[in-house]
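Line order of the protein sequences matches chains A and B. If you count the first sequence from 1, you need to add 2 to reach our numbering. If you count the second sequence from 1, you need to add 62 to reach our numbering.
What the hints contain is simulated information worked out from the structure, not anything from laboratory work. A couple of the hints might just be wrong.
Here are the computed lysine-lysine pairs in the DSSO-like style, where the Cα-Cα straight-line distance is at most 27 Å [said to hold, decoys possible]:
no., chain 1, residue 1, chain 2, residue 2
1, B, Lys457, A, Lys266
2, B, Lys452, A, Lys266
3, B, Lys452, B, Lys373
4, B, Lys323, A, Lys330
5, A, Lys202, A, Lys30
6, B, Lys173, A, Lys378
7, B, Lys136, A, Lys330
8, A, Lys330, A, Lys202
9, A, Lys266, A, Lys227
10, A, Lys378, B, Lys347
11, A, Lys330, B, Lys452
12, B, Lys373, B, Lys323
13, A, Lys266, B, Lys203
14, B, Lys342, A, Lys330
15, B, Lys136, B, Lys323
16, B, Lys173, B, Lys136
17, A, Lys330, B, Lys203
18, B, Lys323, B, Lys93
19, A, Lys202, B, Lys93
20, B, Lys452, A, Lys260
Now the stretches of chain A that chain B is said to cover, found in silico as 3 or more residues with beta-carbon under 8 Å [stated by the list, open to error]:
no., stretch
21, 126-139
22, 337-350
Remember, predicted model here, so these are calculated numbers, not experimental data. We put the CB at the ideal spot given by N, CA and C, even for glycine.
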Amino acid sequence: MDFSITEEQSMLADSIARFIDNDYSFDKRMAIVESDDAFSQQVWQNCADLGWTAMLFSDADGGFDGGAVEMMLMMEQFGRGLVVEPFLANVILAGGILKRLASAEQKADWLAGIVDGSRQAALAFAEPHARYDIANIATSANREGDQWVLNGSKALVLNGGAAELIILPARTSGEQTAQSGISLFAIDASAAGVTRNAYKTVDGHGAAEIVLSDVKVADSALLGKPNEGYSALAETVNDGTLAVCAEAVGIMRTMHDKTVDYTKQRVQFGVPIGSFQALQHRMVDTLMACEQAKSLLLRSVMLSDAGSPEAGAAISELKYLIGTSGRKVAQEAVQIHGGMGMTWELDIAHFFKRMTAIDILFGDSDFHLDRAAAAK
Amino acid sequence: MHVNLTDDELAFQEEVRTFFREQYPADIRAKQDNGVQLTREDYVRWQKILHQRGWAAINWPVEYGGTGWTPVQKYLFENEIAMANAPDMVPFGVKMVAPIIYTFGSEEQKKRFLPDTLASNIWWCQGYSEPGSGSDLASLKTRADRAGDHYVINGTKTWTTLGHFADWIFCLVRTNSDVARRQEGISFVLVDMQTPGVTVRPIITIEGEREVNEVHFENVKVPVENLVGEEGKGWTYGKLLLQHERTNIAGVARSKYRLSKLREIMAQSVHGGTPLAENKNFARKLAAVEIDLQALEFTELRTLAAVAVGKAPGPESSILKIKGTEIQQALDTLFMEAAGYYALPNLPQQFTAEYPVDERTGFGSETLSALRYFNNRKASIYGGSNEIQKNIVSKHVLGL
Ligand SMILES: Cc1cc2nc3c(=O)[nH]c(=O)nc-3n(C[C@H](O)[C@H](O)[C@H](O)COP(=O)(O)OP(=O)(O)OC[C@H]3O[C@@H](n4cnc5c(N)ncnc54)[C@H](O)[C@@H]3O)c2cc1C
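Using the sequences and the hints given, assemble the complete structure.
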C-alpha cells in the first residue's frame with residue numbers, strides 16, 4: 003500500500019490550487035453564477051489550455067492518461083474553490099461514456115471536442131420517476147426503418163442547457179427497470195423534437211429538464227452495441243459519484259477550516275467563541291469527519307485505479323459517509339457562524355448548498371447504504 | 063389523568079375549525095398550499111380577519127383584547143391554524159412588543175399602540191441584535207443619548223426580520239455606559255421607522271431572498287415618551303418577556319401539519335415512480351421524527367398545564383425551543399430527501415402569485431424543499447441560538 007503521489011500528480015494539484023487562489027476568488031465565482039450562462043466560457047477555455055479537460059483521457063484519445071488519483075486531486079481543489087464550470091458533466095460523465103463506447107469515428111466527432119474543451123456535452127442519466135435507479139429507464143428508442151425514434155423525459159441533466167451534445171440512455175428492449183435492454187445514444191441538442199428547459203440548480207450550477215418527442219437519429223448516433231449500454235453507464239456514474247465525493251472532501255475540509263478560523267476571530271462575551279467547549283468538541287467532531295471521509299476517498303480511489311471489483315461497493319460506502327458526515331460538517335459550519343452563516347454574502351452559505359446538492363446527486367446516503375449492504 | 067378532550071373543548075375545537083373553513087381566504091390559502099410567498103398585504107388582511115373575530119391576540123389579558131382562553135383552548139387554536147395551513151401571526155407586534163407595552167408601558171403608550179397593534183395597523187420589527195452583539199446581546203452598542211425631551215440614537219441593528227415591511231421598530235439601546243453591570247444601562251425604546259436618520263438595507267439570506275435587514279440610526283431623534291418603562295430597565299423587561307413568551311415556541315402544531323403532508327407525499331408516487339412509502343429507510347426516519355414530535359407535544363402540554371396552575375414556565379421553555387427547532391429541521395431534511403433530484407432546480411419564480419400552477423412543468427412544490435431546508439437553518443440560530451438555550455438550561459435548570 004502506498005499513499006504517496008508522484009511529482010506530476012503533485013504538480014497538477016499545485017497548479018489547480020494556484021488557479022483557485024489567484025484566479026477564482028469567491029467574488030469572481032459569484033459573478034459567474036449570477037451571469038446568464040451557468041459557467042464562464044473563458045474559465046473553461048483556460049482549464050482546457052492548462053490541459054485539465056484532457057487530463058483523464060488516454061493518450062490515444064488525445065489525453066494525459068490520468069486516472070482516479072488525478073481526478074481526486076482535481077475535484078478536491080474544485081471543491082475548495084466551489085468551481086461551477088462543468089468538469090463533471092463534460093469530462094467525467096459525457097467523456098466517460100464516449101471513452102468507453104465510442105467508435106474511432108465517433109470519438110473524432112465528439113470526444114475530441116470534449117478533450118480540447120471546445121464542445122459542451124451532458125449525460126442525461128436521470129429520469130423524473132426513477133429517483134436514483136439508473137437502470138429505471140422509460141425513455142424508449144424504437145427502430146423505424148433505418149432510424150431510431152426516441153421518446154421520453156430526462157430530469158436534472160447537468161450542463162443540459164449549455165450542452166451541444168447530449169448522451170442518453172434509452173430502452174431498446176426489456177422491462178422498465180432491467181439492466182439489459184439499455185442503449186446509449188449521442189444526439190445533437192438542437193435536433194428536432196428535443197425540448198430543453200434550462201435552469202440553475204440551488205447550488206448555482208446549470209441543468210435542464212429535457213423532453214424527447216419523436217427524435218429521429220441514425221445508427222451513427224448509437225454508442226456501442228444496442229441493449230448493452232448499462233455497464234458503461236454504471237461505470238461512468240460510479241466515476242461521477244467518486245468525483246463528487248472528492249469534491250465534497252474538498253468542501254468539507256474548507257468549511258471546517260473556515261469555521262475554526264472564524265471561531266478564533268468572532269468575539270462574544272468578551273472572548274473568541276472558539277474558547278467555548280460546547281463548540282470545541284463539535285469542531286473536533288467535524289475534523290474527525292473530514293479525516294474519515296478523506297480515508298474512504300483514498301480507499302475508493304486506489305480500488306478504482308486498481309480496477310478492483312470492490313470499487314463500486316467502496317464508492318457507495320464512501321458516498322454514504324459523505325452524505326451523512328458531510329451534511330453534518332456543513333450544518334455545523336453554518337450554525338457556528340451564527341447569523342453570518344445564513345447570508346448570501348458569505349461563502350459558507352454556498353459551500354453549504356453545494357454540499358447539500360452533492361448529498362443528493364447520484365443517490366442520497368440511504369440509497370448508497372442500501373447498495374453497500376447489498377454488496378456484502 | 064385522561065387524554066381526551068372535554069365536551070366543551072370539543073365544541074370549541076369545532077367552532078375554531080368552522081371559522082377557519084369559512085373565513086380563511088381562499089386566495090391566501092392557495093398561496094400557502096402552493097408555496098407562494100405571501101405579501102405584506104396578505105399577512106395584514108388575514109390578521110385583520112382574526113382580529114374581527116377577537117382572536118388576534120390569544121395570550122393578551124382580556125382587558126386589552128385578549129381571549130382569556132385556557133391553555134388547552136390556546137393549544138387547540140394553534141393546532142387549527144396549522145392544520146388549515148394558515149399563516150402564523152407575525153410575532154413582533156402581538157407576541158413581542160405588545161406584552162412589554164401593556165406590562166411596563168405608560169397609559170399613553172397603551173392607548174397609542176395596543177389597539178393599532180391588535181388591529182394590525184402597525185407592523186413592528188425587532189431591533190435587538192447588532193453586528194457585534196448576537197448571542198452576547200448585553201454587549202450592544204447602539205446609543206441613545208438624552209438631549210432635552212429627546213433621545214438621539216446612533217448605531218446599527220442587524221438581522222431585522224421583515225424590517226422593510228415595518229412601520230415601527232422596538233429597540234434595546236444603551237442609555238448609560240457608566241454602570242457596573244452592562245445590562246443595567248440598557249433601555250427599551252420605540253422608534254418610528256419614518257424618522258429622519260433611519261435607513262434600512264437588505265441582507266440577502268442563503269436561499270437568495272430578502273427576509274432580514276440592517277437598520278442604521280444616524281442622529282435619530284426620538285421623543286422621550288417613546289421610552290418604555292424606566293430608563294436602564296430594558297434588559298429586565300426583555301428577559302421577563304422571553305420567559306413569558308411561551309405558546310407555540312416549538313412550532314409543534316406546524317410540524318404536525320408538515321408531517322401529515324409528508325405522509326401524503328410518501329403515499330403518492332413521485333412523477334409516476336414507486337411511492338416512497340415502499341422505501342423502508344424513509345418510512346423509519348419519518349416514524350422516528352413523528353415519535354420525537356409526539357413526545358414534544360406532550361412536553362409542551364405539560365408545560366402549559368403547569369403554567370395554568372400558576373407555575374412559572376421559566377427556563378424549561380428553552381427545552382421546547384431546542385427540541386422544536388431540531389424537529390422542524392429534521393422535517394425540512396425529509397421533505398428534501400423525498401423530493402430527490404427535484405429538490406435541486408432553483409426556480410423560486412415558479413412560486414410567485416403570477417405564475418400559473420399548472421405551468422410549473424415537471425415540478426411540484428417539492429422544488430422548494432431545498433430552499434426551505436437552507437432557509438430554516440436559521441431556526442437553531444435566531445431567538446437565542448440552541449447553544450445559548452442549552453447554556454440557559456444548564457445554568458438555571460441543572461444549576462451548573
Ligand atoms: C434569519 C434570522 C432572523 C433574525 N431576526 C432577528 C430579528 O428580527 N431581530 C433581531 O434583533 N435579531 C434577529 N436575528 C439575530 C439572532 O438573534 C442572532 O443571529 C443570534 O442571536 C445569534 O447571534 P450571532 O448571529 O451574532 O451569532 P454569534 O453570537 O456570533 O454566535 C456564533 C456561534 O457561537 C455560538 N455561541 C455564542 N456564544 C456561545 C456560548 N457562550 N456558548 C456556546 N456557544 C456560543 C452560537 O450559538 C453560534 O453558534 C435573526 C437571525 C437570523 C439568522
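Now for the hints, and whether the structure bears them out:
For the hint linking B/Lys457 to A/Lys266, the alpha-carbon distance of about 25 Å falls within 27 Å, and the restraint holds. Taking the CA atoms of B/Lys452 and A/Lys266, the gap is near 22 Å; set against the 27 Å cutoff, the hint holds. Distance hint between B/Lys452 and B/Lys373 is fulfilled; the C-alpha atoms sit about 21 Å from each other, no more than 27 Å. For a cut-off of 27 Å, the pair hint linking B/Lys323 to A/Lys330 stands: about 25 Å separates their Cα positions.
A C-alpha spacing of about 17 Å is found between A/Lys202 and A/Lys30, which places the hinted pair at or below 27 Å, so the restraint holds. Simply put, B/Lys173 and A/Lys378 have alpha-carbon atoms about 73 Å apart, too far for the 27 Å limit, and the pair is violated. With a CA separation close to 36 Å, the supplied pair B/Lys136 and A/Lys330 exceeds the 27 Å bound. For the proposed pair A/Lys330 and A/Lys202, the alpha carbon gap of about 25 Å is at most 27 Å, so the pair holds.
With a CA separation close to 59 Å, the supplied pair A/Lys266 and A/Lys227 exceeds the 27 Å bound. About 23 Å separates the Cα atoms of A/Lys378 and B/Lys347, which keeps this hinted pair within 27 Å; it holds. Under the criterion of a C-alpha separation no larger than 27 Å, the hint pairing A/Lys330 with B/Lys452 is consistent with the structure, at around 19 Å. Distance restraint check for B/Lys373 and B/Lys323: the Cα-Cα separation of roughly 36 Å exceeds the 27 Å cut-off, and the hinted pair is therefore not satisfied.
Proximity of A/Lys266 to B/Lys203 is assessed by CA-CA distance (about 22 Å); at most 27 Å being required, the pair is judged to hold. A C-alpha spacing of about 23 Å is found between B/Lys342 and A/Lys330, which places the hinted pair at or below 27 Å, so the restraint holds. Between the alpha carbons of B/Lys136 and B/Lys323 the distance comes to roughly 23 Å, so the proposed pair stays at or under 27 Å and holds. Taking the CA atoms of B/Lys173 and B/Lys136, the gap is near 26 Å; set against the 27 Å cutoff, the hint holds.
Distance check on the hinted pair: A/Lys330 and B/Lys203 sit about 34 Å apart at the alpha-carbon level, beyond 27 Å; violated. The suggested pairing of B/Lys323 with B/Lys93 holds, with an alpha-carbon distance near 16 Å, which does not exceed 27 Å. A C-alpha spacing of about 24 Å is found between A/Lys202 and B/Lys93, which places the hinted pair at or below 27 Å, so the restraint holds. A distance of roughly 24 Å separates the Cα atoms of B/Lys452 and A/Lys260; the hinted pair therefore holds under the 27 Å criterion.
Residues of the stretch 126-139 of chain A lying with their CB closer than 8 Å to a CB of chain B number 7, which satisfies the three-residue condition for coverage. Taking a C-beta to C-beta cut-off of 8 Å, the stretch 337-350 of chain A contributes 8 residues in contact with chain B, enough for the three needed, and the coverage statement holds.
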